[in-house]
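Enquirer: Protein chains in written order, with the numbering used here: chain A, 12 to 526; chain B, 269 to 441; chain C, 6 to 434; chain D, 2 to 157.
It is worth saying that the hints were derived from the structure and are not from the lab.
Check each hint, because a few of them may be wrong.
FRET-style restraints, in silico, Cβ to Cβ [said to hold, decoys possible]: (1) B/A388 x A/T466: 25 to 31 Å; (2) B/R378 x A/P301: 58 to 64 Å; (3) A/G65 x C/K139: 39 to 45 Å; (4) B/E313 x A/K143: 50 to 56 Å.
These stretches of chain A come out as covered by chain C in the derived footprint (C-beta under 8 Å, 3 or more residues) [unchecked claim]: (5) 81-90; (6) 98-106; (7) 471-478.
Quick list of in silico lysine-lysine cross-link-like pairs, DSSO-like style, CA-CA up to 30 Å [said to hold, decoys possible]: (8) C/K252 x D/K78; (9) D/K18 x C/K206; (10) D/K117 x C/K425.
These figures come from a predicted structure and were not determined experimentally.
Here a beta-carbon is modelled for each residue, glycine too, at the ideal position from N, C-alpha and C.
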Amino acid sequence: MLKCTINGKQYAVPEGASIIEAFKLAGESLAHYCWHPALSVAGVCRMCMVSIEGNPRLQIACNTMVTEGMVISNQSHAVKDSVKWVLDFHLINHPLDCPICDQAGECGLQDQYMMFGKYTPEMAMPKQRKRKVVSLGDRVVLDSERCILCSRCVRFTEEITKTHELGIFHRGDRSEIGTFNDRPLNNNYSLNTVDICPVGALTSKKFRFRQRVWFLKEKKSICPGCCTGCNIKVSYNSKGVFRVKPDCNPDVNGYWMCDEGRDLCEKTQSVDRLLKGMSKYGEEKWQEGPALKFAKQACDDLSALPSSSVALVLTAQHTCEEFEALIQSFKSKFKSKKVYYWVNRPEDFHKFDGLLLRGDRNPNTVGLLQILEREGFKSTWSELLSDLSSGATQGVIVAAPEFPSFYPDFSEKLYELSRAKVLTCLTSRPIKDRELLPGQRWLIPLKSFLEKEGTFINYRGVQQKLGTPLELVPDAMTLSDFARILSGDWLERQVEPLGSQNVINEFMKTPMRGL
Amino acid sequence: MIIERDRAESAWYLPPIVSGLMLTLHKMIKNLLHRKEMLTLNYPEEKFEYSPRFRGNHVLTVKKDGSLRCTACMLCATACPAECITIEASEHQDPSVEKYPIKYEIDMLRCVFCGLCEEACPVDAIRMGPEWQRPGTPTDSFIYGIQELAYRPSLKGGITSDVDDQERHRYGI
Amino acid sequence: MEVKLLSEHYHHDDFREISGYQKRGGYEALKMALKKKPQEIIDEVKNSGLRGRGGAGFPTGIKWGFLPKNGEPRYLLCNADEGEPGTFKDRVILERAPHQLIEGMIISAFAIGSHKSYIYIRGEYVKSRKILEKAIKEAYAQGFLGENILGSGFKHDLDVYSGAGAYICGEETALISSLEGKKGQPTLKPPFPAIEGYLQKPTIINNVESLASVTLISRIGSQAYRKYGTEKSPGTKLFSVSGNVCKPGTYEVPLGYPLMDLINVECGGLRTGRSLKAVIPGGSSAPVLTAEEAQKAFLTYESMAELKTMLGSGAVIVIDDSNCMVDLLHVLTHFYHHESCGQCTPCREGTGWLNKLCGTLMSGQGRLQDIELMDQVARNMMGRTICALSDAAAGPVISFVSKFRSEFEFFVREGRSKIKGGPHAQMHH
Amino acid sequence: MFRLSKKGLEFVQSEMKRYETKRSAIIPALYCAQNENDGWISQDVIAHLSEVMELPASQIHEVFEFYTMFNKRPVGKNHVQVCCNISCAMNGGRELADHILKEFSVNENEVTSDGKLSVSRVECLGSCGTAPMMQVNDDYYENLTPERAVEILKDL
């Protein structure tokens with residue numbers, strides 16, 4: 012450890028740390044744009060100026076290493092003046108179109124201008140005009156005028172994805188970032204460039220103009236898209252979920268996440284969801300009804316069968332707590348050992364894109380396997396199928412995958428399972444009629460990963476909590492809820508549905524005086 | 269609140285009543301003699317002209333080409349204490365416009381006419397005009413949309429904003 | 006008095022061929038050097054006090070000393086990207102005495118233990134490049150390059166790499182970036198090239214004239230070299246004189262020579278009827294000297310530093326009283342705006358801003374506060390960037406504005422040039 | 002679609018082996034392609050080079066845009082570059098450029114209708130002692146007067 016003094020206070024920082032890292036560790040604020048902890052040092056924004064005792068020139072903090080006994084300050088007049096001017100240089104060609112810029116509210120230029128700005132603009136000449144609203148592929152939009160050429164995005168495609176799409180073309184104040192010939196930026200990590208852009212130069216096509224960031228709340232969660240389990244921050248408000256950003260976790264995903272993972276969060280919105288319980292007897296039409304009531308009825312139907320003829324099918328897209336609860340309640344209710352693991356494409360499990368995305372598209376394979384092993388369930392899928400054809404298994408409870416898109420043979424398998432007399436399918440997605448054979452069918456809406464608490468265990472065995480739940484589909488339940496119904500406990504609802512937070516005339520609910 | 273007066277004082281109510289009636293009589297005679305100076309208006313045929321600074325019904329201004337000035341920055345919605353403004357933004361065909369509202373609604377029954385939206389607007393897109401009357405029966409008819417806010421007949425094709433994008437670009441702002 | 010040490014034989018046309026070069030003692034220094042220990046050569050260069058001729062004037066021998074003392078592969082690069090306006094001395098060496106440079110490079114490479122070197126030549130010097138390539142071929146044929154040079158066991162390869170038009174590639178780290186096939190953008194220091202340069206290997210970059218001088222020093226010895234010049238600026242140097250003089254050109258004079266003598270004696274003075282107004286003593290990046298200051302100036306690094314300017318690459322630009330200083334400054338701000346690589350914000354935006362400010366002055370629409378603003382902008386560009394281009398752009402602005410303020414103010418007040426008249430809406434580009 | 006000639010392809014491949022890194026061959030390859038594509042480089046050229054050299058197109062494009070000697074638009078058979086930097090400016094470089102433009106009635110950076118000539122003003126070409134000067138393709142012409150310059154250009 013090295014001792015150093017930052018703004019008059021003593022700190023100890025690890026050897027090899029740059030001054031900017033020391034400032035971060037010390038919790039001191041320091042203006043910067045181009046420096047990013049996961050990228051190489053570019054040293055081009057010139058904002059992180061500090062004065063070092065014994066050095067007549069101001070130095071940039073990102074490329075200067077801390078040495079023993081160094082006395083560093085960014086509070087001196089010279090530093091503040093220099094930062095003011097450098098910020099002014101940043102702004103002279105910046106279009107100042109904050110009202111229409113999506114970054115407004117979380118913009119590095121806005122924030123730092125409030126902190127260090129010069130407030131007296133002296134640039135009275137026409138600004139450099141550059142290209143606006145350039146589409147870079149399916150996900151990203153570029154506005155060159157807003158760009159401050161910090162080169163973070165360029166370094167990202169060079170160093171992290173190694174796809175080299177982005178570059179800075181031309182020179183001087185004509186410099187512009189872009190792709191060659193406006194080729195699309197369609198790698199699977201392209202939205203990270205939007206995240207690391209300190210200004211509104213790169214914006215997400217999907218999120219663009221949908222919400223102002225100050226109307227959004229943030230919730231931490233875990234991406235359910237694969238067994239890596241990237242930490243995420245979900246931005247939502249009463250109108251729904253709007254975007255997902257990676258949350259830094261050096262042990263799991265660093266600062267990044269893939270675009271596919273971000274898309275998954277869109278699929279939790281109610282349009283894609285099973286909203287109510289559904290039931291069908293034989294060739295009848297589907298009936299819709301409250302999930303709780305239907306779940307209870309489904310449990311009754313299952314209980315009517317011989318207890319050893321009921322099977323439980325699990326997929327690794329639910330939390331450990333849910334598996335635990337459902338297996339316990341299943342065991343005590345049916346005294347059956349028929350618990351099956353619905354695994355999909357195990358041959359892809361070793362696949363890895365070299366950065367984050369893994370072939371096992373289930374977030375909790377490790378967790379499920381641990382529980383199955385502990386409980387000693389070793390039944391195979393073929394046993395289940397033969398039991399179904401022989402009639403040894405007549406009732407099946409399926410905890411269907413939350414994202415059936417990762418199960419290409421989902422309908423096929425479900426069709427096979429629907430050979431059972433009573434099929435209770437716990438699913439967060441609507442099921443098409445043709446996926447099921449006639450019989451006694453129950454569909455119970457399940458909550459998505461955003462709506463429940465619990466633990467995912469990733470491929471390396473790291474246990475991660477899902478965070479506080481939202482409520483998107485009020486009627487949906489978790490597997491644990493279903494387990495309680497199965498064992499005979501009724502549920503009481505606690506969480507207010509998300510939609511109800513935005514009652515327009517809220518004051519109408521309270522009785523008015525005088526009326 | 270009840271003000272208690274002593275008996276003697278409260279017994280002398282007759283003279284004020286008489287003086288009150290005298291005033292009425294005085295005004296009646298005066299109005300009959302000078303009908304033009306009469307303050308009473310025959311509403312709704314006659315209407316009172318408020319000062320231009322009066323904060324009445326909202327107006328969305330338009331550009332020279334007649335399209336909406338609003339850039340859907342949502343600052344008005346942010347500033348609004350009554351949360352009565354709903355805006356939905358969208359991508360404009362013209363990259364120099366970039367963002368515009370496809371939906372702009374003000375719930376007039378919630379609005380408290382504080383004028384903060386007008387103050388928050390960076391492009392002079394919303395003003396509070398001198399109009400204030402607006403009768404209606406169901407609640408729905410008090411949610412004004414773009415058509416109502418910018419192009420209602422009384423505005424005669426829209427009010428042009430003071431902030432011109434082309435001028436701004438010319439000066440390099 | 007011109008002293009022709011380096012340029013002794015430059016007037017012989019066959020000096021650029023290996024036969025003519027060897028006839029006049031060429032490659033003798035190499036033969037001697039290969040018999041010495043590398044450290045002896047480094048010491049010789051250190052003793053000679055040779056200072057880098059590219060512009061910064063950093064002692065060459067000391068620079069070589071920064072290399073790590075292990076056997077790691079290292080590179081020697083010759084900076085022939087002569088782009089500083091006013092400078093054309095390297096072109097003279099490249100075209101008239103390519104072998105002198107090659108010999109100097111082999112000696113230097115031997116001294117620092119490098120087996121591969123490049124001459125990075127600016128793209129516009131097509132003719133120079135052809136001459137140089139021919140010379141290298143000749144040197145290979147004679148066994149001065151390649152495996153086992155002159156039986157000494159020392160192996161060295163030399164190649165030419167052509168730039169493609171970027172002033173900034175004259176900066177060491179930008180030159181390395183350009184040679185690596187990237188944009189010619191300077192990189193952060195530390196790490197310095199001597200530790201991590203071309204392909205992250207230790208690299209030494211020297212100017213053409215510096216390397217040619219190594220040949221000279223190896224031949225005549227450091228003592229003889231030190232006879233010329235001053236204590237802190239020993240030896241002779243090529244000066245490129247241009248602008249309003251009768252005989253512009255490249256002249257070799259010992260350092261310490263008075264600036265006015267160079268102008269009046271060697272260059273034949275100013276044209277008749279003209280008087281001296283200003284001199285830029287070290288290429289366009291050097292702050293300008295007024296006529297009075299020029300009288301006091303000597304051609305040494307220290308004398309120029311005293312006058313708050315620099316000797317730079319030795320490019321003396323003589324300005325007579327027929328020139329409008331606002332106009333000339335606009336030429337320079339345009340140049341730096343054109344050449345800024347665009348990495349660091351203060352330089353990227355600042356050079357553009359200065360050019361715009363100067364442009365408004367030239368169009369006759371300037372305001373008095375714009376003059377002050379130019380000075381302010383320039384001062385805040387100094388020392389804020391990775392490389393020195395920002396300082397180079399700011400230096401002339403500050404000196405022009407402070408020393409010729411009346412001319413700038415006249416332009417603002419009258420909307421026309423004090424010298425040339427007429428509002429020059431578009432005098433440059 | 003631009004394709005390098007067989008000779009050009011061989012040259013590019015040999016350049017890729019000549020230097021320590023493949024990337025160093027970008028500048029020589031661009032020069033070669035510019036020669037084969039009538040003196041300028043289009044997006045096609047870069048796309049082709051990117052294929053031939055197996056380098057990301059963005060890297061080649063970055064280099065192409067950075068350096069001034071790669072022409073971004075078509076040039077005439079004789080591409081004239083007139084230095085307008087300080088020493089030349091003091092000796093009539095700018096007037097020389099104006100004169101040439103007027104004489105051949107062509108705008109700056111544009112090509113004459115017969116495709117023979119294009120003129121641009123450039124920064125210092127390192128010939129300050131012999132100002133004013135111009136570069137026609139690869140050759141320097143120094144100590145010019147406007148009349149002499151036009152004469153030279155007409156003789157080409």
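Enquirer: Each hint needs a verdict: does it hold in this structure or not?
Expert: Evaluation of the provided hints:
1. B/A388 x A/T466: 25 to 31 Å: 45 Å, violated
2. B/R378 x A/P301: 58 to 64 Å: Check failed, 33 Å falls outside 58 to 64 Å.
3. A/G65 x C/K139: 39 to 45 Å: 52 Å, violated
4. B/E313 x A/K143: 50 to 56 Å: Since B/E313 and A/K143 have Cβ atoms about 53 Å apart, the given range 50 to 56 Å holds.
5. 81-90: n = 0 at 8 Å, threshold three: violated.
6. 98-106: Contact hint for the segment 98-106 of chain A vs chain C: holds, 4 residues under 8 Å.
7. 471-478: violated (count 0)
8. C/K252 x D/K78: 34 Å, violated
9. D/K18 x C/K206: The hint holds at about 19 Å.
10. D/K117 x C/K425: The hint is violated at about 35 Å.
In this structure, the earlier hints numbered 1, 2, 3, 5, 7, 8 and 10 are contradicted, and the remaining ones agree with it.
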